[in-house]
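Trainee: Single-letter residue listing:
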Amino acid sequence: MTNPPWRLIRAALICPLLLSATQQALAQTEFIGADQGKLHLTAGFNDVDGAGGAGLVPLAFITGYGSSDSWGANAHVTTVNLNDFQLTAYGVAVGALDRFELSFARHELDVVHGPLDGLGVDQDIIGLKIKLVGNTLYQQDSWLPQLAIGAQYKKNKGIKDAGSVGLAGLTSPVQLGAKDDSGTDVYLSATKIFLGQSFVVDVNLRYTKANQLGLLGFGGDKDDGYSLKPEAAVAYLFTRKFAGGFEFRAKPENLGADTEDNAWDAFVAWTPTRNISLVAAYVNLGSILGPVTGRTDDQKGTYLSFQVGF
Amino acid sequence: MKHIRLMTRIACGLLFTSLAQADTLYDQMGGEAKMRAISEEFTNAILADPRINFTFANTDLAKFKQLIFEQFCNLTGGPCKYTGRTMKESHDKLNVTNAQFNALAEDLYIAFERVHVPYHLQNKLMVLLAPMQKDIVKKHPAGPPQAAPKPGS
Chain A
7 MTNPPWRLIR AALICPLLLS ATQQALAQTE FIGADQGKLH LTAGFNDVDG AGGAGLVPLA
67 FITGYGSSDS WGANAHVTTV NLNDFQLTAY GVAVGALDRF ELSFARHELD VVHGPLDGLG
127 VDQDIIGLKI KLVGNTLYQQ DSWLPQLAIG AQYKKNKGIK DAGSVGLAGL TSPVQLGAKD
187 DSGTDVYLSA TKIFLGQSFV VDVNLRYTKA NQLGLLGFGG DKDDGYSLKP EAAVAYLFTR
247 KFAGGFEFRA KPENLGADTE DNAWDAFVAW TPTRNISLVA AYVNLGSILG PVTGRTDDQK
307 GTYLSFQVGF
Chain B
59 MKHIRLMTRI ACGLLFTSLA QADTLYDQMG GEAKMRAISE EFTNAILADP RINFTFANTD
119 LAKFKQLIFE QFCNLTGGPC KYTGRTMKES HDKLNVTNAQ FNALAEDLYI AFERVHVPYH
179 LQNKLMVLLA PMQKDIVKKH PAGPPQAAPK PGS
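Just so you know, the protein sequences line up as chains A and B, in that order. Quick note: to get my numbering, add 6 to the position in the first sequence (first position is 1). Quick note: to get my numbering, add 58 to the position in the second sequence (first position is 1).
Hints may be right or wrong, so weigh each one.
[Claimed, not checked] If the Cβ cut is set under 7 Å, some of the chain B residues that face chain A in the computed set are: (1) M145; (2) S148; (3) H149; (4) N153; (5) Y167; (6) H174; (7) Y177; (8) L179; (9) K182.
Just so you know, these hints were derived from the structure itself, not from any lab. If you're wondering where the values come from, they're calculated on a predicted model, not measured in any experiment. The C-beta atom is built at its ideal place from N, Cα and C for all residues, glycine as well.
Please model the entire structure based on the sequences and the hints provided.
Mentor: See the structure below:
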């Protein structure tokens with residue numbers, strides 16, 4: 007059993023390893039054709055699901071600092087600390103030709119308080135994103151946003167250590183009412199940089215049946231089908247390396263065992279260099295598994311994400 | 059009632075004052091002295107940038123600085139005429155890439171910072187320059203990036 011403090015320590019250990027690996031890769035970037043040709047803040051962040059984005063939501067930007075003639079990549083470690091839950095997310099994402107993006111991420115959720123304290127859930131996410139049209143940085147004379155379409159295949163790896171909370175035999179979210187332990191989200195993302203106003207605005211539509219990002223499976227006893235959920239992000243650019251803003255992500259409500267709410271956060275994002283990006287946020291994911299735990303308060307807390315790349 | 063009338067008068071007054079003071083971006087940024095300083099520092103930043111400085115190897119720098127000044131002055135509503143070639147003409151044979159275009163934009167941000175232009179004003183000028191990308195960057199560069207040809211050659 008891996009307890010949360012150890013996970014944090016492990017995340018803290020992974021960071022310098024990622025950084026040193028990146029620095030080694032950077033020494034050879036000319037050799038591998040990575041031009042780091044994008045401007046700060048436009049490429050260094052991975053969202054909670056591992057896609058190029060902000061914090062809770064993806065953006066239409068392609069991850070990595072490679073320009074339209076090149077490629078780039080980012081690795082991230084994210085920790086979300088809520089009242090009763092702790093989520094650790096980590097992964098890598100590669101962007102090519104400023105058009106294609108491939109991402110791999112792992113979620114490790116631990117219950118750290120309440121009646122389910124000790125239980126955990128993991129899932130894997132494979133993401134693909136394609137920029138469809140637009141280049142919002144340059145098209146300041148047009149109202150057209152940059153558009154990208156993405157898909158995320160999520161595979162829930164099951165519930166661990168349920169025996170420790172007296173639920174021996176509970177190994178899958180399907181036992182909580184979910185229809186599947188895997189599912190695919192499809193999303194359309196429109197991002198616009200209003201450079202004259204120093205604002206970035208993003209609106210997404212996500213076709214999803216993921217319960218709590220997929221950590222509680224896909225579809226459910228209340229609603230088995232896909233639903234179309236809106237997402238949005240706004241950010242103000244304080245400097246060319248520092249931004250802050252808000253995000254919103256609507257989530258479906260498929261499970262009788264959960265009263266799933268929408269999520270939002272207030273964040274700051276900083277890229278001191280093209281190789282390091284940091285996001286810190288106050289996040290509210292709404293209540294999680296309230297009907298099961300009797301703890302119906304919103305799950306809120308901190309979101310910290312560290313990414314290295316080129 | 060009196061209060062509402064007074065507040066309306068103050069609101070209208072403020073609106074009128076702000077409209078009357080709506081300076082051009084040129085004036086907001088600091089006029090000719092600031093624009094020339096930006097042009098100077100921009101050129102310095104470019105020449106110090108190994109990503110793009112080689113493309114300026116044959117450039118007449120005094121003329122370049124004057125044209126940058128004229129262009130920025132003209133774009134921001136200042137009393138200048140831009141006497142250079144169009145962006146398309148002047149970059150046609152250079153095989154400029156997006157990475158180089160972005161490097162140049164970054165050098166301009168650095169120049170703005172050196173002469174203390176507030177960031178939100180920096181972006182107001184960037185808005186006017188960003189759409190030039192389509193005239194400057196070659197979609198499919200025919201060869202490696204090149205230095206501008208020597209004047210007269």
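Trainee: Under 7 Å is the threshold here; is the Cβ of N153(B) close enough to any Cβ of chain A for the hint to stand?
Mentor: 11 Å, violated
Trainee: Quick check on the hint: H174(B) CB to chain A CB, less than 7 Å?
Mentor: 13 Å, violated
Trainee: Per the CB criterion, is M145(B) less than 7 Å away from chain A?
Mentor: Cβ of M145(B) sits 13 Å from chain A, so the hint is violated.
Trainee: Does L179(B) meet its interface restraint, that is, does its C-beta lie within less than 7 Å of any C-beta in chain A?
Mentor: Hint violated; L179(B) Cβ to chain A Cβ min 10 Å, cut 7 Å.
Trainee: Checking hints one by one. Is Y177(B) an interface residue toward chain A, by the C-beta closer than 7 Å rule?
Mentor: Holds - the Cβ of Y177(B) comes within 7 Å of chain A, reaching about 5 Å at its closest.
Trainee: Quick check on S148(B) please, does its C-beta sit within 7 Å of some C-beta on chain A?
Mentor: 18 Å, violated
Trainee: Can Y167(B) be said to touch chain A, with a Cβ gap under 7 Å?
Mentor: Hint on Y167(B): holds, closest Cβ of chain A at ~5 Å, below 7 Å.
Trainee: For the hint on H149(B), just tell me whether its beta-carbon gets within less than 7 Å of chain A.
Mentor: Nearest chain A Cβ about 14 Å off; hint violated.
Trainee: Can we keep the K182(B) interface hint, with Cβ of chain A closer than 7 Å?
Mentor: This hint holds: K182(B) lies near chain A, its Cβ roughly 5 Å from the closest one there, short of 7 Å.
Checked against the numbered hints above, the structure breaks hints 1, 2, 3, 4, 6, 8 and satisfies the rest.
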